[in-house]
Amino acid sequence: MTNSTGPLPGYLDSASSEPLHPAAREVLLSALDKGFADPLALHGTGRNARLLLDNARSVLAQCLGVREDEVTFTSSGTSAVHLGVLGLLLGRSRVSARLVHSAVEHSAVLQAGAWHAARFGGTTSSVGVSSSGLVSYDGVVDALSSPAGVLAVQSANHEVGTVQPLPGIFDVATSVDVPVFVDFAASAGRFDLPTGWSAAAASAHKWGGPAGVGVLLVRKGSRWRPPFPVDDRVDPRVAGFENVPAALAAAAALQAVLAERASVNARQSELIERIRSSVAASIPDVEVVGEPTERLPHLVAFSCLYVEGEALVTELDRLGFGVASGSACTASALTPSHVLEAMGALTHGNVRVSLTRDTTSDDVDRFLSVLPDVVARLRA
Amino acid sequence: MEADLELDCRDMRCPLPIITLANAIGDIVVAQTLAVVTNDPAARADVPAWCRMRGHEYLGEDAAQDGIARFVVRRLH
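Residue numbers (the working numbering), protein chains in the order written: chain A, 1 to 380; chain B, 381 to 457.
FYI, nobody ran anything at the bench for these hints, they're computed from the structure.
Among the hints, a few may not be true.
Unchecked claim - One side of the interface only, derived from the structure: several residues of chain B facing chain A at Cβ under 8 Å:
(1) 392
(2) 393
(3) 395
(4) 398
(5) 402
(6) 422
(7) 425
(8) 426
(9) 428
(10) 429
(11) 430
Glycine included, each C-beta is placed from N, C-alpha and C at the ideal position.
Here chain A stands alone, though its shape is the one from the complex:
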């Protein structure tokens, strides 16, 4: 390994989980010792934990441009999505029990909709996307032309990187008074979240915080009702003992990521552009999927005809590269990615490459130097 490569040179799966940011590690280690006590306790140790938790909330609120009382820490991003979607649906139960969502939402949104349908007799409507994964504006207009409870839409797609045109979609929802839930997990720390949502959710380990910390935002004045039991602890929206050290580390990571993001975004975006053009030029029968310009800086997906996705992931792993795949053979249910399906993209031979903040130009070049041969061998 040369000095120019990062600490995890072949790890190209930050969209699944970004390595812990050094700033978060430092804060986490210190908070593990200082923030273990019950933030509700009246003793000094408890008060210290409460200070750390309040500090975490305050930093996150500042980073995300929201009020402190709009921030809830959850036990995962998925849990934050469930709470956000279901809480808004409950708040709208007198109007409509229909969840409108884009066809390319994270499965957490789809599962919340299915759960709501089974428990509360709700319905769901899916809005289609373009071949590059952009949510159809006309589709949103059409879906919201009859009574709807909630519109759920992502800020950017976690599998193909397409950034959604949220302001226009927000305008449609506002014009018919339908609250919007935004899953901003894929873009948190990379792009600002535009205003216009009633609830939103993200996950700390996607921006370099620890896993097991989700963030739910509920806009002041929104009709959001707790979908699950609550308790009389710190936060009226969520129950259970707070993970104070992890929350503080998540906040520290986001603060650090925001401070660096102009340069990191620019560097990553250029490396992704290099991958997009090199893959298209050096591999026959390949399709790069997702928006070429309106995209996340750190992520690209492509599909190779006649190759098994699982074989690609396994062979790249053998050569020291960790990538993800949306192909059916890599999923436990053996069904292809609903995102690729909705886009009409090729679902087999799919690879998603997502860069960490430390991925270097050398790392990308090494990956690009082995990839055409890997694909050719698997096709032989």
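Since chain A is already given, all that's left is putting chain B on it; use the hints.
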């Protein structure tokens, strides 16, 4: 839908139905049609995607007599 050639790709896992389709397209002449019968859940997306990438025409989906999905393609070149 009528087809000039039908491929039995039942119980094949992706991408085998598409590889079988690609190998068989040379067995029909231009403007003839070919049907892929498969229960591979990826085929619903991948047969149309293959047609787009390889420049052939995707005619649509129906079902074989046993209810298994059948995807029909027209050779264009």
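Outcome of the hint check:
no.	hint	in the structure
1	392	violated (12 Å)
2	393	holds (6 Å)
3	395	holds (4 Å)
4	398	holds (7 Å)
5	402	holds (7 Å)
6	422	holds (4 Å)
7	425	holds (5 Å)
8	426	holds (6 Å)
9	428	holds (6 Å)
10	429	holds (4 Å)
11	430	holds (7 Å)
Of the numbered hints listed earlier, the single one contradicted by the structure is hint 1.
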